[in-house]
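Enquirer: Fit chain B to the given chain A structure using the hints.
Number of protein chains: 2
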Amino acid sequence: MTTSHSDGLSRRLLLGALAAMPALSGLLDATAAQAETGAPLASWNDGPAKQAILDFVRVTTDLSSKDFVPPEERIASFDQDGTLWVEHPVYSQIVFCLEHVPELVKAKPELKDRQPFKTVLSGDREAIAKLSMRDFFEIVLGTQSGMDVEAFREISRKWLAEAKHPRWGRLYTELVYQPMIEVLNYLRANGYRTFIATGGSAGFVREYSGKVYGIPPEQVCGTEQAFKYGYDKDHRPILTREPKLVLDNLEAGKIENFWLMYGRRPYTAFGNSSSDDLQMLEYVKAGGARLSVAVLHDDAKREYAYGPAQGLPNTSVGTFSQEMYDIAKKQGWIVVSMKDDWKRIFGFD
Amino acid sequence: MTTSHSDGLSRRLLLGALAAMPALSGLLDATAAQAETGAPLASWNDGPAKQAILDFVRVTTDLSSKDFVPPEERIASFDQDGTLWVEHPVYSQIVFCLEHVPELVKAKPELKDRQPFKTVLSGDREAIAKLSMRDFFEIVLGTQSGMDVEAFREISRKWLAEAKHPRWGRLYTELVYQPMIEVLNYLRANGYRTFIATGGSAGFVREYSGKVYGIPPEQVCGTEQAFKYGYDKDHRPILTREPKLVLDNLEAGKIENFWLMYGRRPYTAFGNSSSDDLQMLEYVKAGGARLSVAVLHDDAKREYAYGPAQGLPNTSVGTFSQEMYDIAKKQGWIVVSMKDDWKRIFGFD
Numbered sequence: 001m002t003t004s005h006s007d008g009l010s011r012r013l014l015l016g017a018l019a020a021m022p023a024l025s026g027l028l029d030a031t032a033a034q035a036e037t038g039a040p041l042a043s044w045n046d047g048p049a050k051q052a053i054l055d056f057v058r059v060t061t062d063l064s065s066k067d068f069v070p071p072e073e074r075i076a077s078f079d080q081d082g083t084l085w086v087e088h089p090v091y092s093q094i095v096f097c098l099e100h101v102p103e104l105v106k107a108k109p110e111l112k113d114r115q116p117f118k119t120v121l122s123g124d125r126e127a128i129a130k131l132s133m134r135d136f137f138e139i140v141l142g143t144q145s146g147m148d149v150e151a152f153r154e155i156s157r158k159w160l161a162e163a164k165h166p167r168w169g170r171l172y173t174e175l176v177y178q179p180m181i182e183v184l185n186y187l188r189a190n191g192y193r194t195f196i197a198t199g200g201s202a203g204f205v206r207e208y209s210g211k212v213y214g215i216p217p218e219q220v221c222g223t224e225q226a227f228k229y230g231y232d233k234d235h236r237p238i239l240t241r242e243p244k245l246v247l248d249n250l251e252a253g254k255i256e257n258f259w260l261m262y263g264r265r266p267y268t269a270f271g272n273s274s275s276d277d278l279q280m281l282e283y284v285k286a287g288g289a290r291l292s293v294a295v296l297h298d299d300a301k302r303e304y305a306y307g308p309a310q311g312l313p314n315t316s317v318g319t320f321s322q323e324m325y326d327i328a329k330k331q332g333w334i335v336v337s338m339k340d341d342w343k344r345i346f347g348f349d
Numbered sequence: 001m002t003t004s005h006s007d008g009l010s011r012r013l014l015l016g017a018l019a020a021m022p023a024l025s026g027l028l029d030a031t032a033a034q035a036e037t038g039a040p041l042a043s044w045n046d047g048p049a050k051q052a053i054l055d056f057v058r059v060t061t062d063l064s065s066k067d068f069v070p071p072e073e074r075i076a077s078f079d080q081d082g083t084l085w086v087e088h089p090v091y092s093q094i095v096f097c098l099e100h101v102p103e104l105v106k107a108k109p110e111l112k113d114r115q116p117f118k119t120v121l122s123g124d125r126e127a128i129a130k131l132s133m134r135d136f137f138e139i140v141l142g143t144q145s146g147m148d149v150e151a152f153r154e155i156s157r158k159w160l161a162e163a164k165h166p167r168w169g170r171l172y173t174e175l176v177y178q179p180m181i182e183v184l185n186y187l188r189a190n191g192y193r194t195f196i197a198t199g200g201s202a203g204f205v206r207e208y209s210g211k212v213y214g215i216p217p218e219q220v221c222g223t224e225q226a227f228k229y230g231y232d233k234d235h236r237p238i239l240t241r242e243p244k245l246v247l248d249n250l251e252a253g254k255i256e257n258f259w260l261m262y263g264r265r266p267y268t269a270f271g272n273s274s275s276d277d278l279q280m281l282e283y284v285k286a287g288g289a290r291l292s293v294a295v296l297h298d299d300a301k302r303e304y305a306y307g308p309a310q311g312l313p314n315t316s317v318g319t320f321s322q323e324m325y326d327i328a329k330k331q332g333w334i335v336v337s338m339k340d341d342w343k344r345i346f347g348f349d
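Here the protein sequences line up with chains A and B, keeping their order.
Quick note: the first sequence, position 250, residue 250 per my numbering, numbers continuous.
Quick note: the second sequence, position 241, residue 241 per my numbering, numbers continuous.
So that you can see chain A by itself, here it is in the shape it has in the complex:
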């Protein structure tokens, strides 16, 4: 009974039908191939945000500029959820993890009556939506542990190749913001190395970062659990994902762990969440002639609208507080209005 209930729940939680799809690789190659042609940032409307990005690149790459940055120091950091791809109505990786809760509970029945698993199994969407990020971390550690690293890669790849977003009926990896793909390409064309700094699991994001964003796995910094070296039954060495958090990339953890992994302050950072990007954006901006950019989701028609900054609806996913908005203005960050600054949202628009 638990199983059939769980199966039904699993489907509901996917928030959309899973359908047979062509291999992911073809699609992703096409996305990555959208290199710069003609004028840079073609999907951006003229305005202060676009101009600030162009100006930043100009002054940091012009040898005669007082703000010139040597090529080996050109580091750019990007949040993922809500900055590079859609994060509503719920973070994609959470959808991926929730789907695996029923099989986890089947293997460990004692979790059935423990939070947050009990809430997930209840199927109560409103209660699930109210779970905290710490609850989600527990779900992530529960569903992504005890397996070989290669097995996890396989499960991630399979999900990414099949699962679709309920609103657009497209793969999650198609729901990347075309204007941001152009920023990544433009920065790289000017000698910047691009990095992802995400609250999500690095191991999940690495499965598509290369093909979708042109960012190699080693340049993805994320929340990460421990790995344990050991041997399988044939005495072959294996690495197993352990239910222990090593890098917690929420809040200030994002810049703390960026420094731990890469040892430098980025020259530019892009983010959108006041709970998880504020310190990164603030630290980058404090480094001198650097560029911090916060993306404001104010386009309910083409994507979503949420704040609560500027009177936008308040949601628990990807919160952009009025406090961060005020800090951005005071410290001279750039706030991007998706509605006004972006000509189109997606590559398929």
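If you are wondering where the hints come from, they were derived from the structure by calculation, not from laboratory data.
A hint or two may mislead.
Result set (DSS-like, lysine-lysine): computed pairs, CA atoms no more than 25 Å apart in a straight line [as the list claims (entries may be wrong)]: (1) A/K211 to A/K164; (2) A/K329 to B/K233; (3) B/K228 to A/K244.
What you are looking at is a predicted structure, and each value in this text was computed from that prediction instead of being measured.
Expert: What follows is chain B alone, placed relative to chain A:
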């Protein structure tokens, strides 16, 4: 009294006189500029080790080979101490840290009677040499904590620009193995990205990895302590090094943390220590047509000789056990004899 005693000790511990030196940068640029000219691996004698490296590169980069590796997957990992540069008579970073123990004890007098600080302050070289790696980690955490990340970079750079190895009277960064510099260059010339996986602090090694090895800071994985975000008295955001270990890169930690940071199994790995490189080399070799290389220090005349493998002297620094030697032979790793395989040891030879 403590101060003058400490000062004297500090000098002794440096194991050599500090002298005014020309800026580090000129020298390092020259080292990095030693790119491949003519035949690859010019400082290697013909033999099975050189041939294995050439063969590995050939079969993994030839499109018609069954073992062809796509460029984006070409990852090579290198231990540092004893593999890329000299580690005897004591790890360079330990010399750097021991020098700072007196000032640490001055700031926190309660450490004076606590181990391992008491032993360090005693000046008893034999007792210091017997400290365990865990003791050294405590010294590292003690001497590298409580300071801003930028301040630590400055201290590291200053030491690296001045401190000299007692035997050669040269900067530590000059004591890199020329044959290994050629391996790094040769791999990169064939599309490999080169990484360091060290038991030392990533933040220390990153200060010279680019200029000495051509390896950018973000491709250095090392033991690392926590960083804490906060504000200075002028409310400017700062990151402070904390006395807490986050990544422990000893023993199996080296491959566990390599996966955590980069998410992949390298195609080739180079190491030398049975305590800290064995699992990395074993895991790489278990991945199929891959190359694991262990460097055996068997050249007391030109460098040092230590094992205890093959009857070489047993030392506590960079131990190469007979057990690892036997595993290497059984699993098909390549063991490099510094005496027989290397025409010269250093770039200045």
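Enquirer: Decide, hint by hint, whether the structure agrees.
Expert: Okay, the hints, checked on the actual structure:
Among the hinted pairs, A/K211 with A/K164 is consistent with the structure: their alpha-carbon atoms are about 18 Å apart, no more than 25 Å. Between A/K329 and B/K233, the direct Cα distance comes to roughly 22 Å. Compliance with the 25 Å bound is thereby established for this hinted pair. Annotation: proposed proximity of B/K228 to A/K244 holds, straight-line Cα distance about 20 Å (limit 25 Å).
Of the numbered hints given earlier, the model fails none.
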